[in-house]
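Engineer: Residue-level listing of the chains:
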Amino acid sequence: MLETPKVLSVSGLTRDIKEVLESIFETVYVEGEISDLKQPASGHIYFSLKDEFAQVKCVFFRNSAVKLKFALKDGMRVVLSGKVGVYEKQGQYQLYVNTVEPKGKGALQLAFEQLKEKLAKEGLFDESRKRSLPFLPGTIGVITSPTGAVIQDILHVLERRFPEFHLIVNPVRVQGEGAKEEIVQAIEEFNALGNVDVIILARGGGSLEDLWCFNEEAVGRAIYNSKTPVISAIGHETDYTIADFVADRRAPTPSAAAEIVMPSRHELNEKLGNLLRHLRQSLLDIVPQHSQRVDDLAEQLARGMSQLLKTEEARLAGLLDQLNALSPLSVLKRGYSITSLWDTDKVISSSQAVKKGDRVKTRLSQGGFVSEVLEVEI
Amino acid sequence: MGFEDNLKKLEKIVDDLLSEKLSLEISIEKFEEGFKLVDTCLKALEGMKKKVEIIAKTKDGKLKIKPF
Numbered sequence: 001m002l003e004t005p006k007v008l009s010v011s012g013l014t015r016d017i018k019e020v021l022e023s024i025f026e027t028v029y030v031e032g033e034i035s036d037l038k039q040p041a042s043g044h045i046y047f048s049l050k051d052e053f054a055q056v057k058c059v060f061f062r063n064s065a066v067k068l069k070f071a072l073k074d075g076m077r078v079v080l081s082g083k084v085g086v087y088e089k090q091g092q093y094q095l096y097v098n099t100v101e102p103k104g105k106g107a108l109q110l111a112f113e114q115l116k117e118k119l120a121k122e123g124l125f126d127e128s129r130k131r132s133l134p135f136l137p138g139t140i141g142v143i144t145s146p147t148g149a150v151i152q153d154i155l156h157v158l159e160r161r162f163p164e165f166h167l168i169v170n171p172v173r174v175q176g177e178g179a180k181e182e183i184v185q186a187i188e189e190f191n192a193l194g195n196v197d198v199i200i201l202a203r204g205g206g207s208l209e210d211l212w213c214f215n216e217e218a219v220g221r222a223i224y225n226s227k228t229p230v231i232s233a234i235g236h237e238t239d240y241t242i243a244d245f246v247a248d249r250r251a252p253t254p255s256a257a258a259e260i261v262m263p264s265r266h267e268l269n270e271k272l273g274n275l276l277r278h279l280r281q282s283l284l285d286i287v288p289q290h291s292q293r294v295d296d297l298a299e300q301l302a303r304g305m306s307q308l309l310k311t312e313e314a315r316l317a318g319l320l321d322q323l324n325a326l327s328p329l330s331v332l333k334r335g336y337s338i339t340s341l342w343d344t345d346k347v348i349s350s351s352q353a354v355k356k357g358d359r360v361k362t363r364l365s366q367g368g369f370v371s372e373v374l375e376v377e378i
Numbered sequence: 001m002g003f004e005d006n007l008k009k010l011e012k013i014v015d016d017l018l019s020e021k022l023s024l025e026i027s028i029e030k031f032e033e034g035f036k037l038v039d040t041c042l043k044a045l046e047g048m049k050k051k052v053e054i055i056a057k058t059k060d061g062k063l064k065i066k067p068f
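Taken in order, these protein sequences are the chains called A and B. Its first residue numbered 1, the first sequence is counted upward by one per residue in the numbering used here. Its first residue numbered 1, the second sequence is counted upward by one per residue in the numbering used here.
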């Protein structure tokens, strides 16, 4: 007698397969290439992971996908971690992705490169938009951890370089959860305060993970949007973060930022001293420089004077001629004479001024004579 | 005007004066202006004082500046 085969329902079979698969493949690591990538607005990410001979559907739910630092792309080689699951409705097995690591380089490194490229394209790193730093800032804003070596290093350098400085610390976490948000807020707060002339964003050395908040897009954009110029001073000399690329000036270390932000008081005093010395010297130079000028002017004046005198002489001669013409002497030359009383020399112009017997003097063009009035005619 | 602007102006005046091409009147004008700028710069430096502060946030989210 033939045994009647056990008949399963589709659901039953699928459920059995699901149980087997999900218990065996609870945590798997798979390497492959991303293809058919879909990222709908829901935030879930769908793609296929394939190699030369096979492919498997992958689902990256939003709550895992938001932790991804870099952007997935078709053709990207990755290593996934996740579990195998069965989507009963379509009789399909798929990978529920937990994490994705790029093959060959770290996820953070890739995320950094991707963001750097994106922001560079947008012009956030352009040299042309970088603002110049104030020469002598009245107030320096420092965004960093209030504890630890960094703020102390900055204070020490400033005390040595320019002891009369005004500095405000805006304390923030510089790594881990919440650091990004606090840094963005601190930049905005310094801008809102209004009296801060320059901002230093500083952190000591650390791993790429430690420095990660300075590679966050939000921090880069906050620096870009800051009206107050920003100096970045993150990690050691060899560390470059997104913040460094956007900042108006990158200082290799926090101490270097302090050197950049304030001029040396000593050098400034020397400079002012030199300028004052030059100014004094120029005053001393003015006199000999211009005494030459004065000599020249005097010579010109003298030349002018003699010219003037010559002109005056000619004019004088002309006047003398005119005067000569009017002189009574020239009238006498024509035969006229002048008669005056002998005793008073008073010129006689009327016969009534004399009487018989008066002595009168007559002046001629050449010489004269004295005579007595014999008779008066009226 | 800022300290740097004053300093730059002063440097320019000294350059002009040393170039020896100015009239006596302008030289003296520039010289007087230069002395005033030196004075302004020195006064600005003398007016600076060391102050180190820290921002503290009050419970209602307002910023308070305290000595560090």
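No wet-lab data here; the hints were simulated from the structure. A virtual CB, placed ideally from N, CA and C, is assigned to each residue, including glycine. There may be inaccurate statements among the hints.
Reference listing, derived: stretches of chain A covered by chain B, where coverage requires no fewer than 3 residues with Cβ under 8 Å from a Cβ of chain B [unchecked claim]:
1) 21-33
2) 167-174
3) 270-276
Engineer: So, for every hint listed, does it hold in this structure?
Structural biologist: Tested hints:
1. Figure legend: the segment 21-33 of chain A, annotated as covered by chain B; annotation inconsistent (0 residues with Cβ-Cβ distances under 8 Å, at least 3 required).
2. Counting residues of the segment 167-174 of chain A whose C-beta sits closer than 8 Å to any C-beta of chain B gives 5, which meets the bar of three, so the coverage hint holds.
3. Here the segment 270-276 of chain A counts 4 residues with a CB under 8 Å from a CB of chain B, which clears the bar of 3, and the coverage holds.
Of the numbered hints stated above, the single one contradicted by the structure is hint 1.
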